[in-house]
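Q: Residue numbers (my numbering), protein chains in the order written: chain A, 1 to 373; chain B, 1 to 373.
If you are wondering where the hints come from, they were derived from the structure by calculation, not from laboratory data.
Among the hints, a few may not be true.
[What the hints assert, rightly or not] Listed next, the in silico DSS-like pairs over lysine-lysine satisfying Cα-Cα at most 30 Å (straight line):
{"hint": "1", "chain 1": "A", "residue 1": "Lys270", "chain 2": "B", "residue 2": "Lys80"}
{"hint": "2", "chain 1": "A", "residue 1": "Lys310", "chain 2": "B", "residue 2": "Lys88"}
{"hint": "3", "chain 1": "B", "residue 1": "Lys322", "chain 2": "A", "residue 2": "Lys270"}
{"hint": "4", "chain 1": "A", "residue 1": "Lys300", "chain 2": "B", "residue 2": "Lys322"}
{"hint": "5", "chain 1": "B", "residue 1": "Lys114", "chain 2": "A", "residue 2": "Lys270"}
{"hint": "6", "chain 1": "A", "residue 1": "Lys300", "chain 2": "B", "residue 2": "Lys71"}
{"hint": "7", "chain 1": "A", "residue 1": "Lys80", "chain 2": "B", "residue 2": "Lys12"}
{"hint": "8", "chain 1": "A", "residue 1": "Lys24", "chain 2": "A", "residue 2": "Lys270"}
[To be verified] Chain B is nowhere near these chain A residues, computed Cβ spacing over 12 Å in every case:
{"hint": "9", "residue": "Ala22"}
{"hint": "10", "residue": "Lys80"}
{"hint": "11", "residue": "Arg87"}
{"hint": "12", "residue": "Ala104"}
{"hint": "13", "residue": "Cys117"}
{"hint": "14", "residue": "Val198"}
{"hint": "15", "residue": "Asp220"}
{"hint": "16", "residue": "Pro254"}
[Stated by the list, open to error] Residues from chain A shown here face chain B by an in silico Cβ test under 10 Å; the list is partial:
{"hint": "17", "residue": "Ser111"}
{"hint": "18", "residue": "Glu188"}
{"hint": "19", "residue": "Ile191"}
Model, not experiment: these values are computed from the prediction.
Even for Gly, the Cβ is constructed at its ideal location relative to N, Cα and C.
There are 2 protein chains.
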Amino acid sequence: MRFTIRREELLKGLMIASRAVASKVAVPVLANLKVELNERGLFITGSNYDLTIRTFIPYKQDELEIIRNFKEGATLINSKIIVEIARKMGCEEITLDVIDSTIATISGGGSEYKLNCIKPEEYPDLDLDSSGTKLTLRKDQFDAIVAQTSFAASTKEQRPILTAMNLEAANGLLVATATDSARLARKEIEIDRGIDFVANVPAKMMVEVDHLMEGVESVDIAFSDKKALFSLGRTVIATRLVAGDYPNTRGILPRITNYSLEVNASDLSKAIERANILSIDRENVVDLAMSEDGVEISAKSSQVGSAVEKIELFKFDGQQLKISFNSEFVLAAVRALGSDDVTFLFVGEMKPFVVKNNADPSVIQIVTPVRTY
Amino acid sequence: MRFTIRREELLKGLMIASRAVASKVAVPVLANLKVELNERGLFITGSNYDLTIRTFIPYKQDELEIIRNFKEGATLINSKIIVEIARKMGCEEITLDVIDSTIATISGGGSEYKLNCIKPEEYPDLDLDSSGTKLTLRKDQFDAIVAQTSFAASTKEQRPILTAMNLEAANGLLVATATDSARLARKEIEIDRGIDFVANVPAKMMVEVDHLMEGVESVDIAFSDKKALFSLGRTVIATRLVAGDYPNTRGILPRITNYSLEVNASDLSKAIERANILSIDRENVVDLAMSEDGVEISAKSSQVGSAVEKIELFKFDGQQLKISFNSEFVLAAVRALGSDDVTFLFVGEMKPFVVKNNADPSVIQIVTPVRTY
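Taking the hints into account, I'd like the entire structure generated from these sequences.
A: This is the structure in structure tokens:
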């Protein structure tokens, strides 16, 4: 294999594929990227088995020659090293010349690197097949799903299923749900009727796909039994699904609520952040006390002192109520709504409560209160 | 004590004084700031014994009232908490009211904090006396000393004296020296004749003082037996000196050199950084090979491969020479010179070499080569 390539294009491709390469690899060969030049162009693949990213660079784009002076072939090159080289070289073009698929010479400007590389046959066969149930989402829809729900998924591996985002399509609606069992986030997107599936995609993979969507207008997703395949522009991303059944979360949304509080999202967030300075004895736990006469957020530390924040502008409906919650959960829920105003619906002191924006019923956040002593 | 103060001014003062408060304090009372209002204004003091910072906020500045509605007094308040509060409060003014020197009420906007605080008598007596040998440096002079030498001081406590910057004034010259024994940086500044002293100031304290010099035109320094006192604008900084004699480094500068290399600083730095990607077997060690025919920087890893960087533009005087060095040391030395061109003077393969800029003889960098096998 041999080619001369515009450095910026190569770097972009290497950086995309290398996102799938783990910093500590379990299988040594996966510390490498597979670099393959065929009649269509240059394919660069990185993988950690759970996540595989393959990206593509064509020979020409809009009459601009990207790859020239080439001979087809393939090799495996250390991901970290090749990314660093492509990043730090100052020249416009880089020439890669692989001799006998075991030594790659990378040159350009005054630089010449000789890297030991590995025959492409050593790379595992990775399933990038796009069969299965198909769904296309616009970038803004995918962005919204990720921004409004992914943070609520668990980051702990004790219950792997909770690290997933549950995606369920039926009756013209895609419902994305994430929960770590103490809070839940749900987003609904209207889709074409006739698309039916259930898939549990690791939430961090959804975030990863969203990162890679820059400059792309839509993503085609194919869900099969064990994997989801995302195609966006010149990049294909395959992620394993999380095995097991997602907990039934439909019943968690309270049918009847007894209290409602409407406040400015920014006023509330700032007040929570300020009160939170004193959440020392019980980390991040703040109290919200409300009645028709006033709304207060407070926190107390026996050693250090106490904080009381008055919210001046509010609409409250209901009897007097005091509730304690994890401030990080409520701040994240409010942030995810992305709206100027936010409405809280409470059932009672110890029941999960709803955080939503009346203008956008497609997204709902639920937070479980914290028991106070 | 009681006062209402403009929040921005208070925050600025708190942030300055709190830089002296250690994140993990050995003596609990030093987790606090001393806040004292007297007839001159508000004094805020933070300390970790090695470093003490006291800053001052006047009642009025340029006819603008900063502190109003006041009653003199003092208290000790938890540094981290009060800084966070002053940072996060949204209001223009904050009122601090200390009852019985043990409870401070901090209020403003819709916020009210009650903080447990400590009587001012519990704070240690800190020496902020400005007697001793005096020296005034302009900001640009102090900046240059710190930027061009401090990085070369040791960060390891095995030989505490090497964590200091050696400042020596005599015959109208201030010489600042820092070395970790593998490299050395020296800067000379012309000062008034008749100022004579030797002081070993912890290099990280010099960096700290430099951070606090923003917006100040000069610093007055007083050196006494055990401390250096820096006065800059409304802030006074006291730092202990490092005990012991600084090693005699005068002899390290080679008198006769046999090789000289002049190159563009940026070309050289980039070439070193690129070759350094392959400095894996011996971390950060690169080779520099030079003759009249060419200059090359290279690095090699038996596992991964090799890098060769050619420097196209150079002036070399001498026989053929190959030398190995710690790339970080040479990069830091070149960066510290801050010049477009850089000159290397070599004695031989294993002798310390000089890195300097011919246009500025006030600064000199010396690096010891690394033995190659």
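Q: Now look at each hint and say whether the structure bears it out.
A: Evaluation of the provided hints:
1. Under the criterion of a C-alpha separation no larger than 30 Å, the hint pairing Lys270 of chain A with Lys80 of chain B is consistent with the structure, at around 18 Å.
2. With a C-alpha separation of about 15 Å, the suggested pair Lys310 of chain A and Lys88 of chain B falls inside the 30 Å cut-off, and the hint holds.
3. Between the alpha carbons of Lys322 of chain B and Lys270 of chain A the distance comes to roughly 61 Å, so the proposed pair goes past 30 Å and is violated.
4. The suggested pairing of Lys300 of chain A with Lys322 of chain B is violated, with an alpha-carbon distance near 66 Å, which exceeds 30 Å.
5. Taking the CA atoms of Lys114 of chain B and Lys270 of chain A, the gap is about 18 Å. The hint holds against a cut of 30 Å.
6. Using a Cα cut-off of 30 Å, the hinted pair Lys300 of chain A and Lys71 of chain B holds, with the two alpha carbons roughly 28 Å apart.
7. Taking the CA atoms of Lys80 of chain A and Lys12 of chain B, the gap is about 43 Å. The hint is violated against a cut of 30 Å.
8. For the given pair, Lys24 of chain A sits about 39 Å from Lys270 of chain A by alpha-carbon distance, which is inconsistent with the 30 Å threshold.
9. Under the 12 Å C-beta cut-off, the non-interface status given to Ala22 of chain A relative to chain B holds; the minimum distance is some 18 Å.
10. Separation of Lys80 of chain A from chain B is inadequate, the least Cβ-Cβ distance of about 9 Å not exceeding the 12 Å criterion.
11. Non-interface call for Arg87 of chain A relative to chain B: violated, since the shortest CB-CB distance, roughly 9 Å, does not exceed 12 Å.
12. With a least beta-carbon separation of about 8 Å from chain B, Ala104 of chain A fails to lie farther than 12 Å from that chain, contradicting its non-interface assignment.
13. Once the 12 Å rule is applied to beta carbons, Cys117 of chain A is inconsistent with being away from chain B; the minimum gap is 8 Å.
14. Annotated as non-interface, Val198 of chain A keeps its C-beta farther than 12 Å from every C-beta of chain B; the closest such distance is 43 Å.
15. Its beta-carbon lying about 37 Å from the closest one in chain B, Asp220 of chain A satisfies the requirement of being farther than 12 Å from that chain.
16. Its beta-carbon lying about 29 Å from the closest one in chain B, Pro254 of chain A satisfies the requirement of being farther than 12 Å from that chain.
17. Annotation: interface hint on Ser111 of chain A holds; nearest CB of chain B at approximately 5 Å, less than 10 Å.
18. With a cut of 10 Å, the hint placing Glu188 of chain A at the interface with chain B is violated, because the nearest CB-to-CB distance is about 35 Å.
19. For Ile191 of chain A, the shortest C-beta to C-beta distance to chain B is roughly 42 Å, which exceeds 10 Å, and the interface hint is violated.
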